[in-house]
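Chains as they are written, first to last, in our numbering: chain A, 1 to 173; chain B, 1 to 196; chain C, 1 to 394; chain D, 1 to 378.
I should point out that these hints are in silico values taken from the structure, not numbers from a laboratory.
Hints should not be assumed to be uniformly reliable.
Claimed, not checked - Okay, the calculated bits of chain C under chain D, using three or more residues with CB under 8 Å as the criterion: (1) 101–108; (2) 178–185; (3) 322–333; (4) 377–390.
Beta carbons: idealized from backbone N, C-alpha and C, even for Gly.
So the chains spell out like this:
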Amino acid sequence: MPILEMAAKFGVYAVMGVILIFALGVVTLRNLFHCALCLAAALIGIASIYVVLQAEYLAGVQILLYVGAVVTLVIFAIMLTEHLAGKTVRQNNSQSPLAIMALLGFMALIGTVIVKTPWPVTPAALASKVSVMGLGKALMGAYVFPFEVISILLIAVLVGTVIIAKKDTPERS
Amino acid sequence: MTVFGWGVFKGMMVTLKNFLTSYYRKPDEGGIFTVQYPEEREKKIENFRNFPFLVYDETPGKIRCVACGICERECPTKCIHIEMELDATGKPARKPAVFDIDYGLCMNCGMCEEVCPFDSIFMDHVFEITAPERQTGLVRHKDALLKANEYFQKIRPTLASVIDQKRKAAEEKKKAAAAPQPVPPPSTGGPTQGAV
Amino acid sequence: MIPPMLRGIEFNVDMIFVTAKAWILSLLAQFLPAWLLVLASIVISGVVILCLGPVIMMYLTLLERKLLGRIQNRYGPNRVGKWGLLQPIADGIKMFTKEDIVPANADKIVHLLAPIVIVVPALMVFLVVPFGERMTAVNLNIGLLFFIAVSSITILPIFMGSWASRNKYSLLGGMRTAAQMISYEIPMTLAVVPAIMMSQSLSTNTIVLSQVGDYDLHWYIFTPWGIVGFIVFFLCATAECNRPPFDLPEAESELVAGFHTEYSGMKFALFYMAEYMNAFTLCAIAATLFLGGWQGPFLPSWLWFFGKTFLLICVMIWFRGTFPRFRVDHLMGFAWKFLLPLTLLNILLTALWQFTSNLAAWFWSILILGISLWTLVKLNRTFVPEKRHYPMGN
Amino acid sequence: MDLKNTENASTLEINFGPQHPSTHGVFRMIVQLEGEKVCGLKPIFGYLHRNHEQIAENLPYAAIMPYTDRLDYVNALTNNFGYALTVEKLAGLEVPERAEFIRVIMAELARIVNHIAVIGFMLNDLGAFFTPLLYAFRERERILDLFETITGSRLMCNFFRFGGVKRDLTKENLATIQQIVDKFPAFLKEFEALLSQNEILCMRCQNVGILSAADATNAGITGPVLRASGVNYDIRKVDHYSIYDRFDFKIPLGEKGDVYDRYYVRILEIRESLKILDQALARIPQGEIINKKAIPFLKMPRNFKPPVGEAYGRVEAPKGELGYYIVSDGTPQPWRYHVRAPSLINLTALEAMCLGQKVADAVIILGSIDIVLGETDR
């Protein structure tokens, strides 16, 4: 089925193009709410690429965590801060030459890294599909210590945000 | 019962019971009593009062109303308009030439039926009344209001029978009184027991 | 002469749809190249789902109005068609012909996008629903994770809808919906975990297969943790698709119609369709997880599946006919302070269930459940009705 | 509207406008919200003002009776009762025994109809999708059909006359009333099973919109709302008007004065009304139904001229104390005619109850006060 592979390849390129457009949208759009939506669309695009590469678990997690949680929180933040959603944000400032310089430097760095590293696609790598069961065992087996530390860190962060948010409400009411 | 979900459970049992009984129960014990309106009709209630109508005995000419104007004066919403008919010599002919009731104004309160001394105006059972527009469409003129006594018997049997007995009694009394000396003008109708 | 495609499949009612598809493919095989056949089979199941979704939604609305009518001692729609069977079509036409009003200062693009984006996840979830034996559209081995991920997207379009219509009521409605869906998503996900633990896999098909039993049905609902998991999952499902008693966002009596106040015509129909399709898929997943999906003694498998889902949908409609609405803080309190601890405890129970023997497991589970429910009720004093005394003056 | 612009701009101003699904009739509330909490509420009414009192001052006494049906259109008979009572006090007419019994029977039936409808509508505001309302209406239908057979119209009864009633209760009417009264407790038991212990209802109604006894008496609140706050004040027991002192019935009182108490006090009041109806049906005497002296005025309402003077008659309407203040100057038309509408006065306490509650509660509190706009706006 060579035609199917070729179609899948074009499909991936098309999706990558769409992701680029949405990513540009995130950066350039004036209305903040539209930027958040473009971010969501870009993340879903990335998830669809994972599906094409047969990493369904990663795609599911990507949608669940990024689109379901992160973008929702971003939108909550936009909605809850007063009048932010409506206002359009001023885009350009006077530092554009400096920005272009930094961009070129960054492109050069990334370019060399891409060119240098060998991308070996050994048949073994292709065959060894890590099953969800394997992931679970690894998390609970070898990596259980980092897993617990991260959860403690998250709890600390949660408590911190509650305290910060709580502090300013008494003055206002 | 302090089990947490008990009240919620009881509520669901009530709705389930109503759901099931609506299938097999008779209408008035929890079954479905919906009346499919245009096809089926609710059973007629004799005492129901809607817009008034005028009664005539045998022919539309022999209308009972003598255009005395009491109902026009007593109507709370002032929706009746009467004009006396003048005969050839200009004397009032105790007949209404014009008798309009504005159904748009009437609130079918039944006051006209109560105060009418000549038993000529009664409340109807017809309630499906439409008109293209308010001002002229809903105003009913005399010929539209006139209905036969048989119709009155049909829709309100008990009241009609009482009224007819009273009128027959008044007829005999008048005929008996009329035999010895000339006929006095008809009495203004004895005090009735109000619409019984 | 059985066409090559059909050779392996037996001809009983159970497999009627599978054979139908195989037969169509065998017909197409004569004049299509091989690789197009793969595409064709995808297209066939895709088309089936695309028709199944809206048709289910249409007749769910009719079913709901009929059942509610019967609960309230009246008939329900019976004017259009024999028993009101054509009523959904009449509603559909009405939705098409109704004028589609876009508020003046609304954000046009987002206002248009919201209904579209809400229908996509509602339809995508149909992929992993196992309608019958070998009748799952796509046999993903991460079926449940896909289901949860996709149903978490529905918060986004609701935000888009409520914010784009620039109206106070829909803004309030949108905020409430998002808060409700987020806080009920977590107990729902945790309620699913016991079923995954017992069947050792995320794929919906293996979950159903792990509940098979020749005559003593091994459905998960017949275990202590199964009952608790089912009740919590079902409550969260009703909350997830905004159906009473959790239908706060469309609280007619307060906020007119919540986030879809400013929608009319076809856009409103899409919101309406997404809600009903969500209800169907959530009931289907509940049936798959706890009621043994398409397991059942004699009838064909897809009949069992639709029977169980139909039953669960009737329970949802029953809820709608009986209960008043939760208030916002009760809603949140119920999810965070009651359902969440219950699901965590439930996961403990399933772990316990695996190690001890059958009878002892039952005893221990009921004991732990009893104690924990008692403490939970004691902790949430506000949910327990006070005893009231009414003196009689004269 | 010139509401001062609150300084912290985070309050959201919502207009529960005249066309709102949960306001009972054309009633408007401007609610200022801080997030979910109500921090300001301004009731605006007058959309249903029909100039009732001005019209009444240009009509003879008998012609005003059909207009009083339109005051509290949920139970017209209680309005007639109040008006007839006041005019009889003015003109000094006694009412024969049988007529008094018929009046009490009809008034108590009207009270049941009102309380049932109110509970149904309140549950509708709470979100129960029309089920309790339709159960309540199924029972109400029986009583309204009875009203139609007796008075001629389901809602606009126009049944009371000065010195008695318009029509006598026949044997079948009394039999149907007895049947309704016997079947009602079974329905009430089912209705209570559906609602009273329902956890969601209790959560939504208990400790919501609390009105203390002191506030209630200061605001002049009367009716079930006052009794739910624990004040034992029922005009049937205070004034002993008509023949209420011959029946023994109790006055249910609440303790906390929140929405749940008002709901439950109304159910207990229905039970008390059923007790009154039982006793009245058992002891109704024979006799004429209208005072002999008042019969001529039926035919000639024009010459019914009560003596110069003024009278204030009040009745325990299902919503509170319904009073009529009539000043007569000897002519067939009242010189001054004023109605004390319980709904209007009960509305004054709405803001006090709603401050600090959630939006969803403001709607139920309005529902629990049970206002009817026909009466409030007159």
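Consistency of the hints with the structure:
Proximity of the segment 101–108 of chain C to chain D, defined as three or more residues with a beta carbon under 8 Å from a beta carbon of that chain, is not established by the 0 residues found. Counting residues of the segment 178–185 of chain C whose beta carbon lies closer than 8 Å to any beta carbon of chain D gives 0, which falls below the threshold of three, so the coverage claim is violated. Counting residues of the segment 322–333 of chain C whose CB falls under 8 Å from any CB of chain D gives 9; the rule of at least 3 is met. Only residues whose beta carbon comes within less than 8 Å of a beta carbon in chain D count, and the segment 377–390 of chain C has 8; three or more means the coverage holds.
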